[in-house]
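Please model the entire structure based on the sequences and the hints provided.
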Amino acid sequence: GAGVSQSPSNKVTEKGKDVELRCDPISGHTALYWYRQSLGQGLEFLIYFQGNSAPDKSGLPSDRFSAERTGGSVSTLTIQRTQQEDSAVYLCASSLLAGGPNEQFFGPGTRLTVL
Amino acid sequence: KNQVEQSPQSLIILEGKNCTLQCNYTVSPFSNLRWYKQDTGRGPVSLTIMTFSENTKSNGRYTATLDADTKQSSLHITASQLSDSASYICVVSAKGGGNKLTFGTGTQLKVEL
Chain A
1 GAGVSQSPSN KVTEKGKDVE LRCDPISGHT ALYWYRQSLG QGLEFLIYFQ
51 GNSAPDKSGL PSDRFSAERT GGSVSTLTIQ RTQQEDSAVY LCASSLLAGG
101 PNEQFFGPGT RLTVL
Chain B
1 KNQVEQSPQS LIILEGKNCT LQCNYTVSPF SNLRWYKQDT GRGPVSLTIM
51 TFSENTKSNG RYTATLDADT KQSSLHITAS QLSDSASYIC VVSAKGGGNK
101 LTFGTGTQLK VEL
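Chains as they are written, first to last, in the numbering used here: chain A, 1 to 115; chain B, 1 to 113.
Some clues are possibly wrong.
[As the list claims (entries may be wrong)] Pairs of lysine to aspartate or glutamate, DMTMM-like flavour, derived with a Cα cap of 25 angstroms:
#1 K11/A to D39/B
#2 K11/A to E85/A
#3 K100/B to D24/A
Simulated from the structure, these hints should not be mistaken for laboratory data.
See the structure below:
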């Protein structure tokens with residue numbers, strides 16, 4: 001079956017513009033995660049969704065970042081009024097369940113460049 | 001603060017040689033430790049997942065060890081191949097919190113002829 005897919009693969013935008021990044025998790029996976037990988041840094045947790053529960057937004061760096069997951073499947077990460085420091089690779093992952101040693105499967109990422 | 005530190009930062013070895021990558025963590029309470037391989041431009045791919053009760057786990061030429069007392073882990077790669085060139089990331093999960101992961105910055109491995 002298909003793995004986690006993300007779109008677009010690359011996005012170049014101007015400072016101040018809004019961007020939307022999309023993630024299609026593996027079918028049937030109830031947990032979905034967003035991470036950010038800045039140059040030379042480890043992956044940084046942003047937000048995760050588990051089923052119909054309220055998302056854990058504790059990793060979002062500012063109120064310019066938001067995410068939603070419609071119908072328990074596709075998720076969209078939105079960054080408003082982008083800043084140059086938002087430039088990074090944004091990775092999405094999904095797992096069958098949250099918690100414990102459930103394996104997270106990662107998508108290829110979206111490389112965001114803010115000029 | 002939960003942290004994961006890896007060493008060395010980068011490593012170059014000849015094809016066919018073995019190598020060992022190190023990981024120290026301060027994540028608490030500990031749930032599990034994972035090693036991921038990330039090829040350039042790709043998402044990370046899981047190699048091994050170990051819980052508190054496991055002290056070694058193998059996946060082909062990859063063998064991970066875990067010492068939960070000293071909070072250290074290692075990833076040993078045997079008979080390296082050119083395709084092993086990648087970033088190897090140590091990741092630790094704390095109990096609770098829905099499996100949020102704390103990532104190390106990775107060891108960049110290059111295997112040369």
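**25 angstroms limit on alpha-carbon distance, applied to hinted pair K11/A and D39/B** = At roughly 20 angstroms apart (the allowed maximum being 25 angstroms), D39/B and K11/A satisfy the hint.
**Request:** Mind checking the alpha carbons of K100/B and D24/A for me, to see if they're no more than 25 angstroms apart?
**Result:** holds (19 angstroms)
**Holds or violated: K11/A to E85/A, with C-alpha atoms at most 25 angstroms apart** = holds (14 angstroms)
In summary, this structure violates none of the numbered hints.
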